[in-house]
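Using the sequences and the hints, build the whole thing.
Top to bottom, those sequences are chains Y and C.
For the first sequence, this note's numbering gives the first residue as 1, with consecutive numbering after it.
For the second sequence, this note's numbering gives the first residue as 1, with consecutive numbering after it.
Take the hints with a grain of salt, since some may be wrong.
Lysine-lysine pairs mimicking DSS-like chemistry, simulated, CA-CA at most 25 Å apart [stated by the list, open to error]:
id	chain 1	residue 1	chain 2	residue 2
1	C	28	Y	44
2	Y	25	C	28
3	Y	125	C	28
Every beta carbon over 10 Å from chain Y, so not counted as near; a handful from chain C, in silico [to be verified]:
id	residue
4	8
5	71
6	114
7	176
8	274
The set of hints was computed from the structure by calculation and includes no laboratory data.
We treat Cβ as the ideally placed atom computed from N, Cα and C, and that holds for glycine.
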Amino acid sequence: MEIKEKLPLVFGVPDASFFKTFKEKKVFVAELRPSLDGMNVVSKEFIKIGVVPVVICDNMMAFCMQRGLVTAVHIFSRNSDNNKGVCQTGSLIAALCARVHNIPVYMHVSHSDLSEDPDLLKIGKESVTVKGIRTYAPLLEDVPLTLVEMG
Amino acid sequence: MKESILFWPVHIKGKALYILDETRIPQKVAYLKVNDYKGAIRAILDMKTRAFGQFLTVCYTFILELNKAKGKTKEEQMNILGTVAEAFNKSRPTFPFEEVTSMILGFAKKVYNSPNFADDLIKTIDGFLEKGIRLQRYQRAQEASKLLKDGDAVLTHCHVSGEMSLIGEFCRDAGKRIKFFATETRPYFQGARLTAWELKEEGFDVTLIPDNAVAKLMSEKMVDCVIVGSDRSAKNGDFANKIGTYQIALLARHFKIPFYVLTQPSSKLESGDDIPIEIRDENEILAFAGRRLAPKGVFAYYPGFDVVGHGLVTKHIAINGN
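In structure tokens, the structure reads:
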């Protein structure tokens, strides 16, 4: 599909409170490899509240920002201190690229379940490459609060 | 020097082209037999071949059609070449098909007065590929290898048509041990299916990562430099490559990591703003191997490429050494 309008971008798995207060009609949802929780879990929740989810791959965030298609970025921390939030891996990409493009980043607290230890060599049940290739797919990363809108 | 099969993925034998079907790798190494330009274009549209494979497909298809047109008049042969060029130019928007077909038609004009027009043109194209392009790709890989130090970890994205393993081979020859990180490169998984497989096959230390782990790696100082390829370049040094490259370039700048691009200069386009970006079918994200991955009611947006501004590039490593 072609995208003409500007949309917010959600990277991560929000909890129920986020969906309750969400006001937009359409949203970019990052797919969240390797679990595809974005494409599945997050998108389903948006559909339930009447919001149209437009999935993008995790490597398409900066392109959408560069094209002026993103109004705001929403990421989700499992816990935080005064300096950083611990978010799903890829949130730091979303936040850093948003800063370059002057797009506000909002960090929300979420304790939603994340799919633990999904296999990077598969998508769904299908193998994408041969067995035996070493993988590194960290679940969480730190996002400095300096990248995030405060208050 | 050992070459990966992905380094030169298209071959011609008589009146048939054999195109390495990259969508079947690594499960199967199989070549698609193509008998005419329409079949070659179908292979490109179905992404059976891509990047450098597209370039070879165009060049060899002209040879294929010339082989089939022997016995026809020069005028008829030129008409066929014109038809082939026009069909390729309309096939996919981001790759510079017009630049490649114009070059071949330029070769044709130069040898048009020869009594052996078709044979001379075939020899010219073949010489250009084997003595020109192959050699220049070796030189480019060698130059890239010189930028790497013993113990360096290189992050790469998508697949550079066999050139990353050649860079590794040059490093190996120089006694340098290099580690590679390959992004999986959604949605077509060229990184998982081609780059990681190829580097592992060639005995290199390679780790596959999801596209979303790039900043994590860089923030933990696990990456010493980035090397990517390019599908199209502009005069000012901007270039287009597989979607996700721009994001990596921004991150490399943030984390002060050198960002190198293997490129081929072009004088046709002024800047990256002139490069058209192909928007592909959303089902290529929402399904895999014919099975739907997403729930009903989910849409997707799939830009196939992005453009990296020249200011984000530490060094262009160009095919002609410029």
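Results for each hint:
1. C:28 <-> Y:44: violated, 36 Å
2. Y:25 <-> C:28: violated, 44 Å
3. Y:125 <-> C:28: holds, 19 Å
4. 8: holds, 22 Å
5. 71: Residue 71 of chain C is indeed farther than 10 Å from all Cβ atoms of chain Y, at 47 Å.
6. 114: holds, 47 Å
7. 176: Per Cβ check, residue 176 of chain C is outside 10 Å of chain Y; nearest 20 Å; holds.
8. 274: holds, 15 Å
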